[in-house]
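> Here the protein sequences come in this chain order: V and H. Residue numbers 26 to 281, in the working numbering, belong to the letters of the first sequence in order. Residue numbers 563 to 1348, in the working numbering, belong to the letters of the second sequence in order.
Do not take every clue at face value.
If the Cβ cut is set under 8 Å, some of the chain H residues that face chain V in the computed set are [stated by the list, open to error]:
#1 E692
#2 N972
#3 D973
#4 A1252
#5 S1256
#6 V1294
#7 S1296
#8 M1297
#9 K1340
Note that these hints are calculated values from the structure, not bench results. All values derive from a computational prediction rather than experimental measurement. Quick reminder that beta carbons are idealized off the backbone N, C-alpha and C, glycines included.
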Amino acid sequence: MNTVLQTKGLCKTYIVNKRQNNVLKNVDLTIYEGEMVAIMGPSGSGKSTLLYCASGMDKVTAGEVIFDGKNISKLRNKAMSRVRLDDMGFIFQQMYMMKNLSILDNIILPAVKSKKNKESRKASAERGRALMKRLGIDDVSTNDINEVSGGQLQRACICRSMINSPKIIFADEPTGSLNRSSSDEVMTELLSLNNDGTTIMCVTHDPKVAAKCSRVLYLVDGNIVGQKELGHFNGGEKETRDRERQLTNWLMEQGW
Amino acid sequence: MFWRILKKDLKRKKTMNVIILLFVIICSTFASASINNIVAVTNGVDHFYEISNVPDIEVNMKEDSEAYNRIAAEPSVTEIKKLDFLMIMSSKSFSLHGEKLDTFINPACLMSDEDMIMNFFDEDNKKITEVEKGKFYSTTVFLDGLDIKKGDEVTIKVENTEITLEYAGYFKGAMLPTSMGSSPYLLINREDYRYLDASPDMHIYDDVVSTDIFFIRTDDLSAVMDILDDYSDVSTYTTEEAKTMYLLDMVTAYILMIVSILLMITAFVVLRFTTGFTISEEFREIGVMKAVGITNPSIRRLYIVKYFAIAIAGAIIGFLISIPLANYMLKTISMNLVLEGGDTTYIGFISTVLVVAIIMLFCYNSTSKIKKLSPIDAVRNGQTGERFKKKSVMHLSRSRGSSTGFLAMNDVASAPKRYIMITVIIALGMLMTSIMASWSRTLRDDKLHPLFSIVESDATMMDTETMGDVIIEDDGYITVLDDIEQLLADNGMPARVAVTMTNSTDATYEGEHLNVLAEFQEGHFDNTFSYDEGTAPSKPDEIAVTSSVMKMLDVDIGDTLSIKLGDEYRSFIITGKYSSFVSPGVRFCDHYDLTDFPKNGCMGIQVKFTDDLTQKQLSDNIEKLKDLFDTNKIYSTSEFISMNTGIGETLESLRVLTLILTVMVTAMVVVLMERSFISREKSEIALMKAVGISNFSIIAQHTIRFVITAVAASFLSFLAVKPLSEFGMNLVCSMIGDVSSVECTYNPFEIYLLQPAILIAATIISAFLTATYTRTIKASDTASIE
Chain V
26 MNTVLQTKGL
36 CKTYIVNKRQ
46 NNVLKNVDLT
56 IYEGEMVAIM
66 GPSGSGKSTL
76 LYCASGMDKV
86 TAGEVIFDGK
96 NISKLRNKAM
106 SRVRLDDMGF
116 IFQQMYMMKN
126 LSILDNIILP
136 AVKSKKNKES
146 RKASAERGRA
156 LMKRLGIDDV
166 STNDINEVSG
176 GQLQRACICR
186 SMINSPKIIF
196 ADEPTGSLNR
206 SSSDEVMTEL
216 LSLNNDGTTI
226 MCVTHDPKVA
236 AKCSRVLYLV
246 DGNIVGQKEL
256 GHFNGGEKET
266 RDRERQLTNW
276 LMEQGW
Chain H
563 MFWRILKKDL
573 KRKKTMNVII
583 LLFVIICSTF
593 ASASINNIVA
603 VTNGVDHFYE
613 ISNVPDIEVN
623 MKEDSEAYNR
633 IAAEPSVTEI
643 KKLDFLMIMS
653 SKSFSLHGEK
663 LDTFINPACL
673 MSDEDMIMNF
683 FDEDNKKITE
693 VEKGKFYSTT
703 VFLDGLDIKK
713 GDEVTIKVEN
723 TEITLEYAGY
733 FKGAMLPTSM
743 GSSPYLLINR
753 EDYRYLDASP
763 DMHIYDDVVS
773 TDIFFIRTDD
783 LSAVMDILDD
793 YSDVSTYTTE
803 EAKTMYLLDM
813 VTAYILMIVS
823 ILLMITAFVV
833 LRFTTGFTIS
843 EEFREIGVMK
853 AVGITNPSIR
863 RLYIVKYFAI
873 AIAGAIIGFL
883 ISIPLANYML
893 KTISMNLVLE
903 GGDTTYIGFI
913 STVLVVAIIM
923 LFCYNSTSKI
933 KKLSPIDAVR
943 NGQTGERFKK
953 KSVMHLSRSR
963 GSSTGFLAMN
973 DVASAPKRYI
983 MITVIIALGM
993 LMTSIMASWS
1003 RTLRDDKLHP
1013 LFSIVESDAT
1023 MMDTETMGDV
1033 IIEDDGYITV
1043 LDDIEQLLAD
1053 NGMPARVAVT
1063 MTNSTDATYE
1073 GEHLNVLAEF
1083 QEGHFDNTFS
1093 YDEGTAPSKP
1103 DEIAVTSSVM
1113 KMLDVDIGDT
1123 LSIKLGDEYR
1133 SFIITGKYSS
1143 FVSPGVRFCD
1153 HYDLTDFPKN
1163 GCMGIQVKFT
1173 DDLTQKQLSD
1183 NIEKLKDLFD
1193 TNKIYSTSEF
1203 ISMNTGIGET
1213 LESLRVLTLI
1223 LTVMVTAMVV
1233 VLMERSFISR
1243 EKSEIALMKA
1253 VGISNFSIIA
1263 QHTIRFVITA
1273 VAASFLSFLA
1283 VKPLSEFGMN
1293 LVCSMIGDVS
1303 SVECTYNPFE
1313 IYLLQPAILI
1323 AATIISAFLT
1333 ATYTRTIKAS
1343 DTASIE
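Build the full structure now, drawing on both the sequences and the hints.
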């Protein structure tokens, strides 16, 4: 399998009130093409920081981030923006969107800004609508962001993350602010994307979400202290229950 | 607790607080200095007139007239004093350091220190009891364009009479003219006066002055006025009317006061925005405070504390700056009157306190939004869910052109109220500078020549000697004009020469009398005067009149008016109505025969070169004329208009000041607003960065939003500048003279290009520089934004 993302000796340090806080300590991580990796750990363990450093959204203090064979940790802001725009997708817990744009416009904004596809705005809109249709939200394309439910909005965020056909999607607690049924809908869509070959790195607190991932990494105090291979998730209630039980036992061993 | 909140808030929003502080400083500086100036001058004039022991009324009438005899017999009149003076027609009769003076235009008046009509004061505000023999004092008008200091000797030479006097300083005299261009007055020793008075050379022009000047003291001014009302050839000037001449000295102060009020309005809008933003940003804290039972007024007080601190700090700084500014503004006027000794700084202080009070009132009003927030806002991210408006009004998928431009335009269209307010602020500034530019240009434009009743020309000669020659000879004006034409032709400047002569005389209709200014266009010219109604007078028995003549005598076109010319009344048919500052005015037909009666004034001698000249050649010809007539008082028509309107140059200076202020205010408003927008849109900016939109694109989007408002403001200003300029100009002109339908002059380059370009550039630069602050927002901030 090809490596999509790799971190070598990744360190991140914050200085608050003249006190040094080492959030990530020499993190080595490799994510392969087509994988769906969950990052778990207690609050304050550095899960989100790892996601932001690995995606180039935050600067690293030391170490390297190699994405698609290139060291992106030393890239200048403009070049890093280009990488994020063309080859990465992002899903956040808070379902951030531009308030002044409709759902469809929010989805196609990265496509319009990207020079990757060199397509017309109309073609981008068509692709946006197709993605919305696939995720079952095509009826809200002209709606404002405050006119749809949380689940619909998060699915719209998934559409936006997919619009430039990224090599990897970073998801930070994608179901964190959703109810159970919306959460299930969103996970179904993420799994579907993963089945189609999209690599996903996902930070989550929820064992039910993590159980559907192919690999789970456990982070404590800025170090990866363990990982659990769960293999490809094929669906079905029984498999879901088995994976959840397996994961829960492992998490308890890790001190969850 | 207040102190803790204040400290925290001041640290958090430094840029916004600094800009609000700047607004308060400018407001209080201008308010304090202008009000201080207006109060000091108004009180100063009263004080000056009181210590000057000014008579109740100045009357221009003949000594042996019926009016004089009736006034002398009026029991309430306690004193009648005639102002004796010697008139020196030309400044060239004066020499300083061996050089003839070519400064003042109107004749100089020499007064004796014997039996002075009122108290006069020297530079040190000491009452002048007598003038040392061989010395003289002058009013400040005499000093205009003159480099003279105490001890310098000035020689006065009229024909064969000569005297040399030492300059003892300037003096201050109530009711004596102070505006530049008016007659200078010189106060000399009684013996020197007698010496000059005894010479016939000093009385050559006595006939030009058809009346004498009397100063009257009375216990019953209305009784005196009732008598004088019966005589249309008598003009009066009461003490109260005389005081209004200092109004011009307060023009700058009044304009500064208006600017200060406009700034306060702008500050109010800005405060409303910033408090609105602050409150909407802090919905959670406010919601929690309400949830635990803190009342609305208590929460509002927390927010007002900050603005109170800023207002106090700004007011103190503004007040301190206003002290030297107020002193500077009083410097010129204190040369013409004795101001009260008392300190008027307290007036400035009161104004400053008022500014603070008004700003606090604004702030309290701006925090009313707190009342609308409820505890539920704390848990629902500021949205109660009860109502929402559709925000997306444009569609990216259907748009063309740059996506950054689309996003900027969509932002503006999604929050129109916010951007309309900024547009209006910028448009107001732009409009103010454009109107001033138009007024200052109009008041110096040669197309205004008909309003001064002079014919179209290239140059106007105001040389007193030549004008004197035109006026005093019965039919001499024809010879003089012909001689000038010949002289010009001999010197390679073929030209036609004309003159407008005036005569103050009586007009009567059905028993009603009115003192009018009759004007006669003589010489060689093309008459290009236009008429508001009717037609130009073309026959010797036809006249045109100004609107006040029609109103006061209740006449109209077609009526017959009797006008006194010389010793007899002649009848004239009114054919038209015209606009003029020379009012109430009566215009006769061109080349009316003036041989039989005296003229007492002329509006200079107009020269129209017959060759087709370039601007450069025209300027060269004017210089040649100056050499030929040995005088500097030869003006292009626009210089003549500018000199007569007087305020064109002041307006031009104020326009530059206003432009600078507008640029500053625009920049401050843009910085403040952009910082507010950035802090409000932090989450969106972080999101855009997270999805890979570059810093440059975000900065460009934020800058373009302000470019859109600045361009909209320019269009708004373009639409309003013409009607507002002409409305204001006509309003002011109609107060000064019988003038209506003045068309303002515009320099399209200045109004439609230069000034908007300056303001748009200021907007772009300040918006761009402020928008670079978005660089500090990181993509990873999406994790920490609520």
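> A separate judgement is required for each hint: does it hold in the structure or not?
Verification of the hints:
The closest approach between the C-beta of E692 of chain H and any C-beta of chain V is roughly 82 Å, which is over the 8 Å cut-off, so the hint fails. Hint status for N972 of chain H: holds, given a least beta-carbon distance of 5 Å to chain V, under 8 Å. Using the Cβ-Cβ criterion of 8 Å, the hint placing D973 of chain H at the interface with chain V is satisfied: the shortest such distance is roughly 6 Å. The restraint placing A1252 of chain H at the interface with chain V holds, with a minimum CB-CB distance near 5 Å, inside the 8 Å limit.
About 5 Å separates the beta-carbon of S1256 of chain H from the nearest beta-carbon of chain V, less than 8 Å, and the hint is met. Interface hint status for V1294 of chain H: violated, as the beta-carbon distance to the closest one in chain V is roughly 46 Å, over 8 Å. Among the interface hints, the one on S1296 of chain H is violated; its C-beta lies about 50 Å from the nearest C-beta in chain V, farther than the 8 Å criterion. Because the smallest distance between the Cβ of M1297 of chain H and any Cβ of chain V comes to about 50 Å, over 8 Å, the interface hint for this residue is violated.
Given the 8 Å rule on beta carbons, the hint for K1340 of chain H holds: about 7 Å separates it from the nearest Cβ of chain V.
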